[in-house]
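> Letter by letter, the chains look like this.
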Amino acid sequence: MTRLTYREAVRGALRQILASDPRAFLLGEDVGKYGGAYAVSKGLLAELGPAKVRDTPLCESTFVGAGIGAAIGGARPIVEVMTVNFSLLALDQIVNNAATLRHMSGGQVAVPLVVRMATGAGRQLAAQHSHSLENWYAHVPGVKVVAPATPQDARDLLLAAYADPNPVFVFEHVLSYPLEGEVDETSGAAPLGRAIVRRAGTQLTIVAWGGSLPKALAAAEALAAEGVDAAVIDLRTLRPLDLEAIGASVRATRRLLVVDEGWKTGSLAGEIVAQVVETVFFDLDAPPARVCSREVPIPYAAHLEAAALPSVERIVAAGRGVVRG
Amino acid sequence: MPSLGADMEAGTLVAWRKRPGERVTRGEIVAELDTDKGVIEVESFHDGVIETLLVAEGERVPVGTPLARIQAPGAPPPPGAPPPPGAAAPSVAGAPSVAGAPSPAAAPSAAAAPSAAAAPRSSPAARRLARELGVDLGAVRGTGPGGVITHDDVAAVRRDGAPGATPPAPARVPPAAPPPGASPTPGERMRRAIAAAMERSSREVPHYHVSLTIDARAATELVARENESRPIERRLVVGALLLRAVAAALRRFPEMNARWEDGRVVPAAEVHLGVAIALRDGGLLVPAIEHADRLGLDATMEALADLTRRARSGELRSGDLSRGTLTVTSLGERGVDAVAGLVYPPQVALVGFGRVAPRPWVDEAGGLCVRPVLTITLAADHRASDGHRGGLFLTEIARGLKQPETIR
Chain B
1 MTRLTYREAV RGALRQILAS DPRAFLLGED VGKYGGAYAV SKGLLAELGP AKVRDTPLCE
61 STFVGAGIGA AIGGARPIVE VMTVNFSLLA LDQIVNNAAT LRHMSGGQVA VPLVVRMATG
121 AGRQLAAQHS HSLENWYAHV PGVKVVAPAT PQDARDLLLA AYADPNPVFV FEHVLSYPLE
181 GEVDETSGAA PLGRAIVRRA GTQLTIVAWG GSLPKALAAA EALAAEGVDA AVIDLRTLRP
241 LDLEAIGASV RATRRLLVVD EGWKTGSLAG EIVAQVVETV FFDLDAPPAR VCSREVPIPY
301 AAHLEAAALP SVERIVAAGR GVVRG
Chain U
1001 MPSLGADMEA GTLVAWRKRP GERVTRGEIV AELDTDKGVI EVESFHDGVI ETLLVAEGER
1061 VPVGTPLARI QAPGAPPPPG APPPPGAAAP SVAGAPSVAG APSPAAAPSA AAAPSAAAAP
1121 RSSPAARRLA RELGVDLGAV RGTGPGGVIT HDDVAAVRRD GAPGATPPAP ARVPPAAPPP
1181 GASPTPGERM RRAIAAAMER SSREVPHYHV SLTIDARAAT ELVARENESR PIERRLVVGA
1241 LLLRAVAAAL RRFPEMNARW EDGRVVPAAE VHLGVAIALR DGGLLVPAIE HADRLGLDAT
1301 MEALADLTRR ARSGELRSGD LSRGTLTVTS LGERGVDAVA GLVYPPQVAL VGFGRVAPRP
1361 WVDEAGGLCV RPVLTITLAA DHRASDGHRG GLFLTEIARG LKQPETIR
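Chains as they are written, first to last, in the numbering used here: chain B, 1 to 325; chain U, 1001 to 1408.
Next up, chain U with everything else stripped away, as it sits in the complex:
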């Protein structure tokens, strides 16, 4: 179960797109997950053949739980691999009394991670009862936590006369730990996920904010000039140019394109720009444009349009939501002048754009004129960078927007 955000704890497997025996290639969609941020698709990180599905459709499991086992091309099944679900558990009736460890497959653990079979453990109460009744613990199947043999397991063997006839333990449903009250709606779950991330940000991240207001005429003129000759479906929005400016500037400010981890700044190897996208029925998703520093203006526009469409239609993939290295948010369309946001941990910076609006402006010659004006605000983690660098970063973004031909 991939983590699709620092605060994701669990997800529900909605549907498998692949079945055991089917071939998958790296990047191919294998499953759909329902997370606190909506339904997303999961890609395979490996080439191979699906060997076993470890999580059933409809099951909710914690982050980090293996979902399926993929066999590398040409490799024989590993010797220790457990049989697929549904296969009969190995009988333990004829096993030697001491070393006859019940196979881990017999332990009724739904998400049994592959692990070496340990000796059967038994509780003190089970041991005393076994001694009193003359029951051989090696022939008892444990139903306690982790397969521990409990008092009742021994009692059941005695009652039923034979090991192996132990009825399955009742009510061993995976504890989903639902919050008290009715189960939350998807909207509520997204709200909670946002709340958790923003609480963490506000609690843990010492923010500083710096702003810069620029004459955005060169940027708006470039977009307008391009759009004059383009068909509607290929037209640009200013937002794509803003993303370009941030991505280009980030190359020179690795401490902004980073995580704060274990008391130090860990710069990300790639530039994946998270884009805050408001959903029509409320809530917010932050999918990322991959390798945004390597995309030209047209490719950035395509990526932005694709992410927006897929975010709003619920077709985002796991990687989209987890790989952002810096977030850009733009509320210009909502009419706001500036956005002083909160960073999205473990990221260390967020760039907010207000609207581009005509305003009085003093030009280079000291004359008063009217220009399209834009305020750029950096919210940054003061542990990872200082206002001095933050200011230079903003200036670099502004430089790109003033000379848009250099970043397109």
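Isolated chain B (complex conformation):
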């Protein structure tokens, strides 16, 4: 085991893939000379050469499209998009091509593409760099979506995304990059579509992922001090949802709280609540609750940004409300 930051764990997985697979290459804005907007690919250009690490123009539609084309042609591209906000320029390529070509070609064309992008707020980068739009991608059949929350998962889920024969979107929360943890650098791919219980508990199930996981765990600790025993499930994969793991926990605790940094309306949190109510309604002791971002463009000012986002305090209050009213 090695103590690594989340950023270093992603870089390690990238290096392993790029160095071992001749079909693999990384492309995106500033991934080469600059080392990546969040310094994830720092050093890889010098280490692996320009055929493996390719800077692109500032044109998401073009370089995501190029990645799709390369994947169709037999390469194994890993595309980095600076933030999920900018990825909207590539939605046509993603939704109309990457997600549908296998279907449209009757199985003759596969798109083994990995797209990594930064998501989330908390660094005062203002509305155009701070939104959490994972649910937009998790809405689309034909792709898979992962949101690793820990350094180990940052490595293992990227390996899993790479091994998958279909498009996989990897969301890395901007606050996760400096997180440190023990990482097994010999580990293989984690299974896609599996959530994991990060904290056992008997009275409340808190579901979180990505950048919200540390807040959910801190909230569970605070709730424990009040006598509320909360379990925390790290979703890890946002499409497909691991309803089995969520349902098993809710059947035991009979209460559900979902933390989602996206906006509440049309959120993944809403989908999770709906699926729980559809499947384990008769196991519930209280209405499920959600802690989401306020329905505003994420503000720049630090105190307004903090007020807009799910906080430990809001999660604690919501958890208390579910359990005690």
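One or more hints might be untrue.
Part of the chain B face toward chain U, derived, beta carbon under 8 Å [to be verified]:
| no. | residue |
| --- | --- |
| 1 | Phe86 |
| 2 | Arg254 |
| 3 | Arg324 |
| 4 | Gly325 |
Pair by pair, the computed Cβ-Cβ distance ranges are [unchecked claim]:
| no. | chain 1 | residue 1 | chain 2 | residue 2 | range |
| --- | --- | --- | --- | --- | --- |
| 5 | U | Thr1395 | B | Ala302 | 38 to 44 Å |
| 6 | B | Phe282 | U | Ala1195 | 43 to 49 Å |
| 7 | U | Pro1267 | B | Pro178 | 53 to 59 Å |
| 8 | B | Gln128 | U | Val1039 | 33 to 39 Å |
| 9 | U | Arg1191 | B | Asp21 | 57 to 63 Å |
| 10 | U | Asp1136 | B | Gln128 | 26 to 32 Å |
To be clear, the hints were calculated from the coordinates, so they are not data collected in a lab. Values in this document were obtained by computation on a predicted structure and should not be read as measured data. Where a beta carbon is used, it is the ideal one built from N, C-alpha and C, also for glycine.
With chain B's structure known, arrange chain U on it following the hints.
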């Protein structure tokens, strides 16, 4: 729990001064509260007899929580009144199975507001378990939020064999939602309360400021002349005359003596002048002089002295802190020339006075002389008024100070 400021969210009941059965009259002190702004006394707003104390000493409850029930003189106890705390909860064992709603008094809610008893609600999990076990939900006591019957309530009935033997739910302490870390000191809580009010003011109120510098000789001379013949305890301070000038001017500027509410100016019916009083160990309170427009100079002086003494000794009452309609702040004693402040929401104006200091002055004849000079600054909510009116308001205050006999 009265609100003693726009940003007060909760308060702690420190002590009851009255017990159930005791008679109270309107305005009488019934309890002491610890708020973010210090310990204050609560007055009764009604005549009657204390029927029930709803909040225990030491309990912290949100603003708006009923503290006690007062029975109007001569009225019989209302039929729906819950029994006083400590009385045995009505047994539910013999209640009919469906309509046998547990009395709301049985719900372990500390601040149970009087409400009509609803049918017993049960969670989906409780209903399924009850069906599986053959338990009659009408005979189960709910311990969930709002008295909802939960899975565990049904399981407990089954385990214990009889309804009513359900042990009280553990750890149903009222969630006080303490901030993380150590509980704040009173000083810190006051700081936070000030911070909240001023953050709100800065965030929500588009301020404008206008200033006026006047020759205050007439005002200082009046005070000096009066004090020559007065014993020390009845002497005036210039501050009292400044308050008089503001109160008198306010009669003609209702849009300054107002609240901004739901997109419009709501003039206050009375003039209650909030006076910013700095505390010796830090912090700030803004108690109000009631009906300041109706008080003469002597009465204003008495009210000011009384408020200052009580603010510094912690004897303010709930009404003192909540009824201000415009705030006056004076930092002249601190040596400052002018005070451009922030209004205290939902008020829409604040008048700041600097010090009265001798300065070069050009008199009416165009000659240079030395006069006691004072700068008056208005901070006002631009949603509620404009600089034009603000300027006229300042001029009216100045007029009173230049002709102090007209406002004393």
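> Against this structure, judge whether each hint is valid.
Hint check:
1. Phe86: 31 Å, violated
2. Arg254: 5 Å, holds
3. Arg324: 6 Å, holds
4. Gly325: With a closest approach of 2 Å, the Gly325/B hint holds.
5. Thr1395/U x Ala302/B: 38 to 44 Å: About 42 Å separates the Cβ atoms of Thr1395/U and Ala302/B, which means 38 to 44 Å holds.
6. Phe282/B x Ala1195/U: 43 to 49 Å: With Cβ atoms ~47 Å apart, the hint holds.
7. Pro1267/U x Pro178/B: 53 to 59 Å: The hint (53 to 59 Å, Cβ to Cβ) holds, given that Pro1267/U and Pro178/B are roughly 55 Å apart.
8. Gln128/B x Val1039/U: 33 to 39 Å: Distance hint for Gln128/B, Val1039/U is violated at roughly 49 Å.
9. Arg1191/U x Asp21/B: 57 to 63 Å: Taking Cβ atoms as reference, Arg1191/U and Asp21/B lie about 59 Å apart, which means the hint holds.
10. Asp1136/U x Gln128/B: 26 to 32 Å: 59 Å, violated
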